[in-house]
Amino acid sequence: MLKVEELEAGYAGSQVLHSISLRVGDGETVVVLGPNGHGKTTLLRAISGLVRPRAGRVEFDGTELTHLPTEQIVAAGVVHIPQGDLPFPEMTVLENLLVGAYRSDAWGARAERLERVFQLFPPLAERQRQLARSLSGGERRMLALGRGLMSTARLLMIDEPSLGLAPLVIEQVYATIHAIKRSGLSILLVDENAEHVAGLADRMYLLEAGVLVREGAAAALLRDQALLAAYLG
Amino acid sequence: MEIRDALDALLQALYSGVLSGSVYGLMAIGLTLIWGSLRMLNLAHGALYIAGAYIAYGVLSALGWPVLVTFALAVGGAAVIGLAIQLVLINPILDNPGRDSASLIATLAASIVVQSAILLLFGGQTKELPPLLEGGFKVGTTLISYQGLVVIGAAVVCLLLMTIFLRVSRRGLAIRAISQNMDAARLMGIPIAPTFVVVMVISAGLAGLAGVLLGSILFFTPSGGFTPMLMAMVVTIFGGLGSVPGTIWAAYIIGLMESFLAVFVGPSWALPGIFLFMIVMLVLRPNGLFGLGEVRRL
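Protein chains in written order, with the numbering used here: chain A, 1 to 233; chain B, 234 to 531.
Everything labelled a hint here was simulated from the structure, so no lab data went into it.
Among the hints, erroneous ones may be present.
What the hints assert, rightly or not - Here are a few chain B residues that face chain A, going by a calculated C-beta distance under 7 Å:
#1 G291
#2 L406
#3 A407
#4 Q413
#5 M415
#6 D416
#7 P424
#8 T428
Stated by the list, open to error - Simulated DEER-style distance windows between Cβ atoms:
#9 A:G84 to B:N520: 43 to 49 Å
#10 A:R223 to B:N520: 52 to 58 Å
#11 B:I326 to A:R116: 39 to 45 Å
Note that the coordinates shown come from a computational prediction; the quantities given were computed from them, not determined experimentally.
Glycine residues also receive a C-beta, built at the ideal position from the N, C-alpha and C atoms.
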């Protein structure tokens with residue numbers, strides 16, 4: 001479904017990603033594990049076109065995405081849920097979700113999608129008239145996930161959803177990602193904590209200093225404690 | 234007798250304050266939208282205002298079409314000039330790292346071109362437009378013209394429509410999303426450049442509307458857009474840059490303050506008084522009335 005080949009990307013003066021190749025199959029959940037500052041976020045930004053790749057190819061269902069503008073990458077069905085808080089802080093929960101359905105193909109079906117998101121995240125339904133900045137950390141993360149689900153995404157790219165959350169809330173957030181997985185969506189998740197993604201990932205990659213150093217079935221990689229300790233510390 | 238005089242003065246101040254507040258609101262809302270989403274100070278805003286007045290004047294004197302049709306053409310004409318400025322000057326420099334200063338120069342240049350074109354076509358003499366509605370009535374000593382009420386009504390309707398547009402429509406939500414977090418907005422599939430075009434066209438149309446509406450109350454010349462733009466900037470800053478509700482409140486507060494100073498203290502106190510107030514307020518509330526610092530609010 002998603003095929004990334006020898007992708008190179010970076011920012012002015014520094015190259016972050018070196019010849020990254022990975023793939024995500026239909027309905028598969030793939031996790032890229034790596035420590036902070038090793039290029040996980042840049043990888044997702046390069047796929048979604050926020051960072052221009054310097055070399056390599058990104059392909060989705062046979063369509064080349066490499067040099068398309070972000071809005072066309074979203075239109076193709078690749079939706080990136082960025083890291084961190086408060087995407088649109090001065091908009092209500094409901095307005096945030098509606099922006100998620102901005103693409104005209106999603107806008108027509110926004111009522112059904114909204115219902116689905118509220119079923120998945122009941123706290124969002126209760127707080128739909130509140131400004132997003134008044135939500136708790138866990139609710140904000142739910143809002144970010146829910147907003148991604150308002151789109152016509154077929155592949156959801158999720159950037160470290162546990163960042164800055166309390167342990168109990170982290171459990172809830174990963175439980176909802178499980179629910180998203182069960183709904184059949186393909187997922188590409190980047191994370192730095194192997195424990196969070198155990199049981200969720202089908203396949204995993206280890207990323208170190210901008211290079212994918214290992215790839216394999218999640219169960220096998222997660223059993224190898226020595227390997228995980230060596231890369232993640 | 235004295236109470237009566239005071240009431241007359243009060244009514245006069247209220248009427249002209251609401252009238253100028255309405256025009257400031259129409260002008261300032263466009264500046265606010267552009268500032269909030271593009272982070273750009275549009276120095277061509279005053280030229281768009283005066284272009285509205287002159288397009289109406291030109292169509293009326295050359296073709297003699299009905300006033301209402303003429304006014305609509307003027308709004309459309311100003312919007313088209315705004316569209317051209319955006320497509321020709323602003324969109325090509327959107328990804329340019331020096332966009333801030335480049336857009337200042339580009340919009341200043343556009344305003345000079347528009348004003349010079351007006352000067353060439355119409356000359357420098359003062360002009361005026363006929364009102365949509367003639368006549369008026371007197372309350373006490375205050376003459377309330379029907380045209381004044383048209384201006385106030387049109388402004389209130391437009392400001393309300395604008396607020397609703399930004400709250401519920403797909404495009405309006407996209408404009409607010411861009412103003413609050415541009416990267417996240419792009420990740421929702423919102424195309425940046427086309428949305429900026431929508432913002433510019435709306436903002437230019439509102440400036441043109443302010444121009445034709447006020448052109449039927451006051452005389453105007455080709456450089457007549459400067460003062461309204463200056464007042465709109467004051468209103469925009471006072472309202473907290475980028476805040477639409479703040480801008481609307483600020484427009485009426487500034488308009489009323491101006492007229493109360495003029496009526497009760499003396500006309501020459503109006504502008505210095507407002508700027509003195511601005512200085513004090515910016516010391517006390519540096520982000521403006523509704524401003525939230527780096528948080529954007531459209």
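Verification of the hints:
1. G291: With a closest approach of 39 Å, the G291 of chain B hint is violated.
2. L406: Nearest chain A Cβ about 5 Å off; hint holds.
3. A407: holds (6 Å)
4. Q413: holds (5 Å)
5. M415: violated (10 Å)
6. D416: holds (6 Å)
7. P424: holds (4 Å)
8. T428: violated (10 Å)
9. A:G84 to B:N520: 43 to 49 Å: violated (23 Å)
10. A:R223 to B:N520: 52 to 58 Å: holds (54 Å)
11. B:I326 to A:R116: 39 to 45 Å: holds (42 Å)
Checked against the numbered hints given earlier, the structure breaks hints 1, 5, 8 and 9 and satisfies all the rest.
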